[in-house]
Amino acid sequence: MSDPLGYQLLLLHAHLPFVRHPEFEEFLEEDWLYEAISETYLPVLKMLEGFERDGVRACFAMSLTPPLCEMLADPLLQQRYMRKLERLEELSQREVHRTQNTPFHEAALMYRDDFRECRRIFEGWKGNLVQAFRHYQDRGFLEIITCGATHGFFPAMIAPESVRAQIQVAVANYRKHFGRQPRGIWVPECAFAKGVDRAIRDAGIDYFFMDTHGIAFGVPRPRYGPYRPVYTPCGAAVFARDPESSRQVWSNISGYPGDPHYREFYKDIGYDADYEYIRPYLHRDGVRRNVGLKYHRITGKVRLDEKQPYCPHIARERAATHAGNFMFNREQQVSWLNRVLGVQPLVISPYDAELFGHWWFEGPKFLDFLLRKMVYDQNKIELIVPSRFLERHPRHQVIEPASTSWGDQGYYEVWVNGANDWIYRHLHVAEVRMRELATRFAEPEPLQERALKQAARELLLAQASDWAFIITAGTMVAYAEKRTKDHLHRFNGLYLQLLENRLEEPWIAQLESLDNIFAEIDYRVYAQRK
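Residue numbering for the sequence shown follows my numbering, starting at 512 and increasing by one per position.
Read the hints as simulated data drawn from the structure, not as lab findings.
There may be inaccurate statements among the hints.
Stated by the list, open to error - Using 25 Å as the maximum straight-line C-alpha spacing, the simulated DMTMM-like pairs for lysine to aspartate or glutamate come out as follows: (1) K557 - E546; (2) K778 - E541; (3) K891 - E902; (4) K557 - D888; (5) K891 - E842; (6) K996 - E540; (7) K705 - E911; (8) K637 - D625; (9) K557 - E617; (10) K687 - E1031; (11) K557 - D863; (12) K993 - D1026; (13) K812 - D919; (14) K557 - E775; (15) K687 - D863; (16) K996 - E924; (17) K687 - D713; (18) K891 - E755; (19) K884 - E563; (20) K812 - E775; (21) K993 - E540; (22) K637 - D1026; (23) K778 - E540; (24) K993 - D932; (25) K637 - E560; (26) K637 - D542; (27) K884 - E842; (28) K687 - E634; (29) K884 - D625; (30) K993 - D542; (31) K637 - D624; (32) K891 - E563; (33) K812 - E828; (34) K778 - E601; (35) K818 - E546.
Modelling step: build the complete structure from the supplied sequences, incorporating the hints.
And the structure:
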């Protein structure tokens, strides 16, 4: 498009905490990954496959966090996902027969076909979806950015070396998986504090993202609001979220995902089917849980037992309608902003990737319709990715951003509050100890180096913001607390063994097997600078 009125930057933030338990035959929390693969990542790859096949020159940005990349590339988890998928294929085939001559048959056929497509795409990439996303980045459909190494909450870190390590470990991991330097970073939880931008620039990264008020409350005030990037004083570009397009998708009151014809998330045959029938598809403990086949639509504000049958063809039509509405609203918004601001505005729309497909089942269809419509059905807005926008428009206002996040209430209280604040005193001690180790052991012996690398891994895993978030949300609290304590216990054990020169190789090997993230890690990123 030669001279658009404005631009649309769509970003999907794909993240899951590192959950891998080789010590168990199956593990409940590993289902988080398997569900996201089937419901989000494979549908997005199917959409990209269609763009490449049909010559659709759509593009968007996507953050693939280091823990997610490590899990997607892990042979054990790939094997376990395939085993899970095989059971779902078997169940869906049985469901096609069971639901004949019922209002649920159309949905049963859909699930059968969806799982077959999952297998086709997964096997087509030999199970390594990181390579699939890399392929579409290399073809120009995606701009993939990185994140903190384990999605750590930067403002709660006491040592500047910890923030630096989170970013530099992430950059090294990105290079391993994608064969290039990342241009941008999704700061975990969009949580900014003074100094984060300097650590980003020191790692060779050009830009990052914030929520709207991060620059709205910056100094001086942004001339164009969130509709143009700004630079921080150290030269990092900042892209801020557009509240209007965010509300259309995120809002649980007025957002598209609440349409009564869309699939109801909370009604699943794992709970509704006859127990003896569904038992082979549950975990070995036999406890009823979601299995992923859901036959009812949202319907409205009614009880679960009053939900009406889900009709996939109607839901698909609604997704197309909503895509058209989203595009229409962006056309109106961009036209108005162009007149008022006197520049080509950039509308930045970031969303959690897992919203599309997992929580909002029709989300990937919405994305497919939307991106195709943006390419073919309008001529006011150009789809663009961040680095391309900065290359085309390199001059921007310099602002000192405000300390903010994209969490509830816009600041830090989701991750630092009375329910979870106990974790930080232990994390802070570990941060200082890791800096001490990295500074002291500049030239370690081979076993010492293994222990130092594993200590860095354990600290990074303990720092994941997911654990504090889960404790606040009150969902899988016991698991989040255990993960925090386990990694800190392992870190402190390694710390003492290193200082006392009594390293236990069998235990180190066990930890390397359990927490095998970041094979390429350089623990020296924690060393204190002179």
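Evaluation of the provided hints:
{"no.": "1", "hint": "K557 - E546", "verdict": "16 Å, holds"}
{"no.": "2", "hint": "K778 - E541", "verdict": "21 Å, holds"}
{"no.": "3", "hint": "K891 - E902", "verdict": "20 Å, holds"}
{"no.": "4", "hint": "K557 - D888", "verdict": "22 Å, holds"}
{"no.": "5", "hint": "K891 - E842", "verdict": "6 Å, holds"}
{"no.": "6", "hint": "K996 - E540", "verdict": "17 Å, holds"}
{"no.": "7", "hint": "K705 - E911", "verdict": "9 Å, holds"}
{"no.": "8", "hint": "K637 - D625", "verdict": "18 Å, holds"}
{"no.": "9", "hint": "K557 - E617", "verdict": "21 Å, holds"}
{"no.": "10", "hint": "K687 - E1031", "verdict": "8 Å, holds"}
{"no.": "11", "hint": "K557 - D863", "verdict": "18 Å, holds"}
{"no.": "12", "hint": "K993 - D1026", "verdict": "14 Å, holds"}
{"no.": "13", "hint": "K812 - D919", "verdict": "24 Å, holds"}
{"no.": "14", "hint": "K557 - E775", "verdict": "23 Å, holds"}
{"no.": "15", "hint": "K687 - D863", "verdict": "24 Å, holds"}
{"no.": "16", "hint": "K996 - E924", "verdict": "21 Å, holds"}
{"no.": "17", "hint": "K687 - D713", "verdict": "19 Å, holds"}
{"no.": "18", "hint": "K891 - E755", "verdict": "18 Å, holds"}
{"no.": "19", "hint": "K884 - E563", "verdict": "16 Å, holds"}
{"no.": "20", "hint": "K812 - E775", "verdict": "11 Å, holds"}
{"no.": "21", "hint": "K993 - E540", "verdict": "13 Å, holds"}
{"no.": "22", "hint": "K637 - D1026", "verdict": "24 Å, holds"}
{"no.": "23", "hint": "K778 - E540", "verdict": "20 Å, holds"}
{"no.": "24", "hint": "K993 - D932", "verdict": "15 Å, holds"}
{"no.": "25", "hint": "K637 - E560", "verdict": "16 Å, holds"}
{"no.": "26", "hint": "K637 - D542", "verdict": "20 Å, holds"}
{"no.": "27", "hint": "K884 - E842", "verdict": "12 Å, holds"}
{"no.": "28", "hint": "K687 - E634", "verdict": "22 Å, holds"}
{"no.": "29", "hint": "K884 - D625", "verdict": "24 Å, holds"}
{"no.": "30", "hint": "K993 - D542", "verdict": "18 Å, holds"}
{"no.": "31", "hint": "K637 - D624", "verdict": "20 Å, holds"}
{"no.": "32", "hint": "K891 - E563", "verdict": "23 Å, holds"}
{"no.": "33", "hint": "K812 - E828", "verdict": "22 Å, holds"}
{"no.": "34", "hint": "K778 - E601", "verdict": "20 Å, holds"}
{"no.": "35", "hint": "K818 - E546", "verdict": "23 Å, holds"}
Hint violations for this structure: none, all hints satisfied.
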